[in-house]
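Line by line, the protein sequences give chains B and U.
Heads up: the first sequence runs through residues 58 to 155, numbered per the numbering used here.
Heads up: the second sequence runs through residues 192 to 715, numbered per the numbering used here.
It cannot be assumed that every hint is accurate.
Stated by the list, open to error - Derived, one-sided and incomplete: chain U residues facing chain B with beta-carbon distance under 10 angstroms:
hint: 1; residue: 436
hint: 2; residue: 467
hint: 3; residue: 549
hint: 4; residue: 585
hint: 5; residue: 687
hint: 6; residue: 689
hint: 7; residue: 690
Said to hold, decoys possible - To give a feel for the contact side, a few chain U residues facing chain B, derived at Cβ under 10 angstroms:
hint: 8; residue: 198
hint: 9; residue: 199
hint: 10; residue: 301
hint: 11; residue: 481
hint: 12; residue: 557
hint: 13; residue: 570
hint: 14; residue: 579
As the list claims (entries may be wrong) - Which stretches of chain U does chain B cover? Using the computed rule of at least three CB atoms under 8 angstroms from a CB of chain B, they are:
hint: 15; stretch: 415-427
hint: 16; stretch: 529-542
hint: 17; stretch: 605-616
Hints listed in this document are in silico derivations from the structure and should not be mistaken for laboratory results.
Note that CB positions come from ideal geometry on N, CA and C, so glycine has one too.
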Amino acid sequence: MATLSRSDVEHVAHLARLGLTDAELARLELELNHILDQYAILAGLPTDDIPPTAQTIELENILRDDVVRPSLPVAAVLANAAATNGDFIVVPAILDER
Amino acid sequence: MTDLTRLHAHEMAVLLRTGEVSSRELTETHLAAAERDNRALNVWLTIDRDRALAEADAADARLAAVRTNPDRALDLLRPLVGIPVALKDLVSLAGGQCTAGSRILEGYRAPYDAHITERLREAGAVILGKTNMDEFAMGSSTEHSAYGPTSNPWALDRVPGGSSGGSAAAVAAFHAPLSIGTDTGGSIRQPAALCGVVGMKPTYGRVSRYGIVAFASSLDQIGPFARDARDAAALLHAIAGRDDRDSTSSPEPVPATLAALPAGDDEAAGSLRGKRLGLPREYFVAGMEPGVEARVREAVAALEAAGATVEEVSLPHTDYGLATYYIVAPAEASANLARYDGIRFGPRLGDGDVLANYLATRGRGFGPEVKRRIMLGTYALSAGYYDAYYLKAQKVRTLIKGDFDALWTQGFDALVAPTSPTVAFRFGERLADPVSMYLSDACTLPVNMAGLPGVSIPCGMSDGLPVGLQFIGSAWSEASLFGLARGYEAITADADWRGLEPTDLAAAAEPETPTPADRMRAVE
Chain B
58 MATLSRSDVE
68 HVAHLARLGL
78 TDAELARLEL
88 ELNHILDQYA
98 ILAGLPTDDI
108 PPTAQTIELE
118 NILRDDVVRP
128 SLPVAAVLAN
138 AAATNGDFIV
148 VPAILDER
Chain U
192 MTDLTRLHAH
202 EMAVLLRTGE
212 VSSRELTETH
222 LAAAERDNRA
232 LNVWLTIDRD
242 RALAEADAAD
252 ARLAAVRTNP
262 DRALDLLRPL
272 VGIPVALKDL
282 VSLAGGQCTA
292 GSRILEGYRA
302 PYDAHITERL
312 REAGAVILGK
322 TNMDEFAMGS
332 STEHSAYGPT
342 SNPWALDRVP
352 GGSSGGSAAA
362 VAAFHAPLSI
372 GTDTGGSIRQ
382 PAALCGVVGM
392 KPTYGRVSRY
402 GIVAFASSLD
412 QIGPFARDAR
422 DAAALLHAIA
432 GRDDRDSTSS
442 PEPVPATLAA
452 LPAGDDEAAG
462 SLRGKRLGLP
472 REYFVAGMEP
482 GVEARVREAV
492 AALEAAGATV
502 EEVSLPHTDY
512 GLATYYIVAP
522 AEASANLARY
532 DGIRFGPRLG
542 DGDVLANYLA
552 TRGRGFGPEV
562 KRRIMLGTYA
572 LSAGYYDAYY
582 LKAQKVRTLI
592 KGDFDALWTQ
602 GFDALVAPTS
612 PTVAFRFGER
622 LADPVSMYLS
632 DACTLPVNMA
642 GLPGVSIPCG
652 MSDGLPVGLQ
662 FIGSAWSEAS
672 LFGLARGYEA
682 ITADADWRGL
692 EPTDLAAAAE
702 PETPTPADRM
712 RAVE
């Protein structure tokens with residue numbers, strides 16, 4: 058199985074949007090490789106003809122009636138946001154002004 | 192007058208109905224114990240005295256109305272009216288904090304009740320507060336809580352197990368007769384075993400997860416803790432069933448027998464006769480403590496003496512469970528935890544653009560175990576590795592589930608096994624090596640992979656610490672598993688360990704007793 062280099066760890070941290078310190082990255086490089094070593098046992102198990110199991114109970118296509126139901130009040134939703142303005146949550150600009 | 196905290200919930204229910212005890216008295220007594228012990232144990236992240244007493248008064252009014260008005264007699268069927276309950280701090284309670292043991296939810300107030308909170312309110316239960324847990328339910332010791340670890344009531348220098356360690360310890364320490372936990376890989380059964388209480392992980396889909404902080408959505412399930420099988424079954428009965436706000440909750444009917452386990456020991460013991468149980472040989476794993484194995488084998492012998500047949504069986508893919516679980520669970524967690532972005536709730540850290548905010552909020556808001564699992568899961572799902580890890584693990588999951596299905600086809604009523612390979616371990620003992628911590632769940636996580644119900648019940652002591660016995664059943668067999676647990680309780684009702692109690696917590700309430708956080712710092 059693959060081993061993770063320091064730059065792999067940095068790449069995964071970026072994908073996960075985790076800001077990690079150098080010490081954390083160094084420790085994770087060791088720990089993740091140690092854990093990945095445990096995964097190696099799976100490679101020896103033949104599974105070509107085995108279908109995957111995503112969930113264990115036989116439920117499918119659970120749909121509710123297409124009727125309007127009340128949602129949470131806007132004030133209750135906004136109450137937990139770090140920054141609000143009127144009925145909106147304030148975030149840093151994502152698009153540049155042109 | 193006996194100490195009210197020593198009563199089982201079904202005994203409290205009788206006293207409440209006759210009026211010998213009020214819910215206010217019960218609630219006051221439990222709140223006092225919780226408040227006295229919390230410095231030494233750190234079981235509770237919030238104790239909500241005022242609201243609990245208001246709920247107790249409402250329950251007393253409801254009970255009084257039933258006593259004076261026979262038309263309200265149907266209410267008597269509600270066994271939880273006026274009974275104190277603890278919630279793991281990932282269950283939403285409108286207006287209350289819901290940290291999931293994480294800094295990233297500090298200050299968050301749940302805007303609505305979880306489905307099970309609504310059900311408990313309808314049932315008239317009194318919610319005392321919210322209990323400590325491993326951050327986002329990731330851990331087997333409660334040492335990964337951002338709010339400090341919880342101590343095991345049986346030995347204050349040891350962990351209560353996890354992730355639902357606070358809920359297990361609350362019941363073991365007589366702070367509540369009932370509590371709620373969640374179990375993704377063993378997070379109800381393993382702490383139940385380590386704290387000497389009953390804990391069940393129901394079938395996947397048995398209880399609606401609406402309003403519960405999600406960890407791994409194909410595995411998570413909510414379940415009860417109690418000090419006996421009857422109480423745990425009654426609590427499950429109160430919260431189980433289909434809810435259209437959780438599309439994974441099942442329409443499978445909830446059997447009334449859950450709320451009607453035999454009260455008499457003779458009837459309960461007699462129900463074991465003719466039961467066919469499998470003893471999976473792979474669950475006696477390397478590293479299992481001899482004292483744990485001895486207690487489990489004694490329990491098996493007692494079940495046989497009571498008329499059950501026990502046959503050694505094989506679950507041949509058990510050894511693949513750990514690796515499979517530690518791909519599937521982190522992968523699902525990495526997706527579920529993407530929502531913690533500092534925008535809609537929780538603290539927002541960092542200056543500058545959105546990306547800088549994400550990196551700072553998540554980098555500083557999550558603790559080390561959560562970061563480890565997000566990293567693992569993100570890697571397992573990333574381009575080029577999906578087939579080798581996540582898809583492979585889902586295929587092995589099919590094989591693990593197939594191992595169990597083959598035994599149900601052969602006609603076994605249930606499997607009997609250890610819950611945890613060891614008794615409660617010391618603070619710090621497994622923190623340095625994540626894999627050693629993960630092995631705590633070797634006997635429980637295959638059950639989650641297969642979506643099955645499992646219950647852990649006390650079966651004696653090893654080195655002065657509780658040992659847990661696990662019954663595992665086919666899907667929707669919770670009532671039958673509780674029947675077995677109740678039968679085992681009946682045949683061991685006179686065992687000398689039944690009378691044992693945890694550490695003298697009144698003495699531990701002295702200010703010189705180290706806190707759990709002190710104890711963990713001392714070993715780091």
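Give me the numbers of the hints this structure contradicts, sorted from smallest to largest. Numbers 2, 5, 6, 7, 8, 9, 11, 15, 17, in rising order.
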